[in-house]
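Undergrad: Each chain, letter by letter, is given below.
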Amino acid sequence: MQPRVRSRKLGAKKGKKIKAKIIKPDGANRVFARPATLRDIDNHYCAGCGHGIIHRLICEVIDELGIREKVIAIAPVGCAVIAYDYWDFDVTEAPHGRTPAVATGIKRTRPNNIVFTYQGDGDLAAIGTAETIHAANRGENITIIFVNNGVYGMTGGQMAPTTLAGQKTATTVYGRSLRREGYPIRMLEILAPLPGARYLERVSVHSAHETLRAKRAIMKAFKTQVDGKGFSMVEVLSMCPTYWGMSPVKAAERIRSDVATFYPLGVVKTY
Amino acid sequence: MCGNDACGEGAMLAGCTFYAGYPITPQNELTAYMAKRMVDTGGTFIQAESELAAINMVLGASAAGFRAMTSSSSPGISLKQEGISYMAGCELPGVIVNIQRGGPGLGNIAPSQGDYFQAVKGGGHGDYKVIVLAPDSAQELLDHTSLAFDLSDKYRNPALILGDGLLGQMMEPVEIRTQSPGNDIKSKPWALTGCAGRKPNIIKSLLLGDGALEAHNIKLQQKYKTIKDAEVRVEITNSKDSDIMVVAYGSAARISKAAVMKARAKGIKAGLIRPITLWPFPENTVSEIANKVKKFLVVEMSAGQMVEDVRLAVCGKARVDFYGRMGGGIPTEDEILAQIEHAAKS
Amino acid sequence: MKVVKVKKPSGKIKIIKDRCKGCYLCIVNCPNGRIKIAEDLNIKGVKPAVFSPGNCTGCAMCAVICPECIIEVYR
Numbered sequence: 001m002q003p004r005v006r007s008r009k010l011g012a013k014k015g016k017k018i019k020a021k022i023i024k025p026d027g028a029n030r031v032f033a034r035p036a037t038l039r040d041i042d043n044h045y046c047a048g049c050g051h052g053i054i055h056r057l058i059c060e061v062i063d064e065l066g067i068r069e070k071v072i073a074i075a076p077v078g079c080a081v082i083a084y085d086y087w088d089f090d091v092t093e094a095p096h097g098r099t100p101a102v103a104t105g106i107k108r109t110r111p112n113n114i115v116f117t118y119q120g121d122g123d124l125a126a127i128g129t130a131e132t133i134h135a136a137n138r139g140e141n142i143t144i145i146f147v148n149n150g151v152y153g154m155t156g157g158q159m160a161p162t163t164l165a166g167q168k169t170a171t172t173v174y175g176r177s178l179r180r181e182g183y184p185i186r187m188l189e190i191l192a193p194l195p196g197a198r199y200l201e202r203v204s205v206h207s208a209h210e211t212l213r214a215k216r217a218i219m220k221a222f223k224t225q226v227d228g229k230g231f232s233m234v235e236v237l238s239m240c241p242t243y244w245g246m247s248p249v250k251a252a253e254r255i256r257s258d259v260a261t262f263y264p265l266g267v268v269k270t271y
Numbered sequence: 272m273c274g275n276d277a278c279g280e281g282a283m284l285a286g287c288t289f290y291a292g293y294p295i296t297p298q299n300e301l302t303a304y305m306a307k308r309m310v311d312t313g314g315t316f317i318q319a320e321s322e323l324a325a326i327n328m329v330l331g332a333s334a335a336g337f338r339a340m341t342s343s344s345s346p347g348i349s350l351k352q353e354g355i356s357y358m359a360g361c362e363l364p365g366v367i368v369n370i371q372r373g374g375p376g377l378g379n380i381a382p383s384q385g386d387y388f389q390a391v392k393g394g395g396h397g398d399y400k401v402i403v404l405a406p407d408s409a410q411e412l413l414d415h416t417s418l419a420f421d422l423s424d425k426y427r428n429p430a431l432i433l434g435d436g437l438l439g440q441m442m443e444p445v446e447i448r449t450q451s452p453g454n455d456i457k458s459k460p461w462a463l464t465g466c467a468g469r470k471p472n473i474i475k476s477l478l479l480g481d482g483a484l485e486a487h488n489i490k491l492q493q494k495y496k497t498i499k500d501a502e503v504r505v506e507i508t509n510s511k512d513s514d515i516m517v518v519a520y521g522s523a524a525r526i527s528k529a530a531v532m533k534a535r536a537k538g539i540k541a542g543l544i545r546p547i548t549l550w551p552f553p554e555n556t557v558s559e560i561a562n563k564v565k566k567f568l569v570v571e572m573s574a575g576q577m578v579e580d581v582r583l584a585v586c587g588k589a590r591v592d593f594y595g596r597m598g599g600g601i602p603t604e605d606e607i608l609a610q611i612e613h614a615a616k617s
Numbered sequence: 618m619k620v621v622k623v624k625k626p627s628g629k630i631k632i633i634k635d636r637c638k639g640c641y642l643c644i645v646n647c648p649n650g651r652i653k654i655a656e657d658l659n660i661k662g663v664k665p666a667v668f669s670p671g672n673c674t675g676c677a678m679c680a681v682i683c684p685e686c687i688i689e690v691y692r
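Protein chains in written order, with this note's numbering: chain S, 1 to 271; chain B, 272 to 617; chain Y, 618 to 692.
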């Protein structure tokens, strides 16, 4: 049930027929469908949550690279703790924050498998900061997908290291005060100076356009691992309509107007 | 070789191919030994950023189907407790070595037995047990570490070697004898190897469905009962004609054995029970002996931890005295002999 | 400069009505306004997004943004 790419030879010799690979479920070409590796079930995420989109992008990339049978994923604590319910490949749990360490244990013993982690703000940038930095510093040939939605969703919307100044959360009731709570952290910029960190990019899923870019970045990150080039990490700015207290559409707009202003989109480091 | 090195060699003989650790006295020789041996044999050695990271790397390597080990000393073992609980909940094998030092807190670097409760009664959260082996020599450090891998794989449960700084540091001759069959990935269909040719595997301890976690716990408890029935190991000296049995493990047992010999030489009918598995504890052995022997003396390098399990096993049938040294203090043979004499008279 | 005649694509989408959570991200990402909010509630108790045929080009932006992956696109 994979979407097939239409091969189209534009600019071909005059009169040459335009070829296309065609699937015809009902007489028309299907150009977009669920990737095979993304299980066809309802997910538990809130309406407008970015997880559903990012889960799908990862599955599309895995299917397109044909690596499903090699993938071992680590799904730690966070709203996506049960990501293994949605992915049709090997997955393990990890204690909160220890995810890159678990990934290291797997990748070092199984270097030919493709090992990726799927982590939120708390897991990667609070409790797991040391593990994140040291996995990058050791240049572990793993891929980290970092979902940055500026809050701790699973536990009820508390402040995250990535919460913006002035943002109201369950533990910054009057808005994050830089004096009291410190500054939001840009993790990719912290990792960039480390020689072990090879490919770092920040993307977003607030619009279809940016989501396509996000997919390209995730593809590049997985290719970095497949090619044995070292540590890759993609930070994905994501919506949390519930704990931002706004509709999904407004949450997407907030990323464009506020979040992406502080967390600039684009390549932070590449090779 | 020193006990720490012997422990490392025991791991190598058992087919351990992954080690992650963090330096802490008095087990640094073990970390260094594994650093060299892993590189020599093409295994993986990682000096992790913390003891937390190390146990989780072991979790990952174990989930991937390999024999993995970490080691530390008391405060570092405290850090590993969450990871050990996860491994027990996920039913992952793995070996943890605790070369105990004085505590609580930063304590000192002298040998101690203050982590018995931590090892045997839980340490981490939830209803789980780890198989705990208590060596009393460099030879046993080698043999028990190797055995720990086999038991750990057999039961899909973490196993812990409860040594101490004295054992870790002492230099003794050891016999290198291979008895372990090594790692057998085929016996681990649950491992994460990439889902080629099979349905995907999930390693998890989170069970939110109605009644699911309780059912899982019942399964774990049944496993622990099986281990209790099959894997108790204990060494008994002179139980048939003793008036007083000393109960001790590890270094304390070694010193106590000498004290018992001296007591015998003085005409006191003393014996020694040396549990080798601290979990499962040899409660049946102790209970049977308590039918005839009416005096027990538990000797530990702690404020008294195993003594509680002895009292439970004795169940009021006999008197249980305790002698302990805390904070890195090591009892001498004569101290223990004095305690035996005192107990024999009163 | 070569001029290549390309047939203007006409598209259509299918949305699985009862799995829609009503986030409406598809609506704001459709360049041609071809998705509307339904009048009636679906089984989840929300008004799902529905396809409104017209000048849909099958660009699939709706499907790309849909967090539920319940939109199929045909061109």
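Some hints could be false.
As the list claims (entries may be wrong) - Taking beta-carbon pairs under 7 Å as the criterion, some of the chain Y residues facing chain S (in silico):
#, residue
1, M618
2, V645
3, P648
As the list claims (entries may be wrong) - From chain S, some residues computed to sit far from chain B (all C-beta separations above 10 Å):
#, residue
4, N29
5, D40
6, E64
7, E69
8, V71
9, I72
10, I82
11, P95
12, A101
13, T104
14, A165
15, A170
16, Y271
Hints are computed from structural coordinates only; laboratory data are not their basis.
From a predicted model like this one, the values you see are computed outputs, not experimental measurements.
From the three backbone atoms N, C-alpha and C, an ideal C-beta is built for every residue, glycine too.
Undergrad: State for each hint whether it applies.
TA: Going through the hints against the structure:
1. M618: The hint is violated - Y/M618 has no Cβ within 7 Å of chain S, the shortest such distance being about 11 Å.
2. V645: 5 Å, holds
3. P648: Since the shortest Cβ distance to chain S is 9 Å, the answer is violated.
4. N29: 31 Å, holds
5. D40: The claim holds: S/D40 sits with its nearest Cβ about 15 Å from chain B, beyond 10 Å.
6. E64: Correct as stated: the minimum Cβ-Cβ distance to chain B is 17 Å, above 10 Å.
7. E69: 4 Å, violated
8. V71: Label violated. Min Cβ-Cβ 7 Å, cutoff 10 Å.
9. I72: Not fine: 5 Å to the nearest Cβ puts S/I72 too close to chain B.
10. I82: Label violated. Min Cβ-Cβ 7 Å, cutoff 10 Å.
11. P95: 5 Å, violated
12. A101: About 4 Å separates S/A101 from the closest Cβ of chain B, which leaves it inside 10 Å; violated.
13. T104: S/T104 is in fact no farther than 10 Å from some Cβ atom of chain B, at 5 Å.
14. A165: Given a closest Cβ separation of 30 Å, the condition holds.
15. A170: 22 Å, holds
16. Y271: 24 Å, holds
Consistency with the previously given hints fails for numbers 1, 3, 7, 8, 9, 10, 11, 12 and 13, ordered from lowest to highest.
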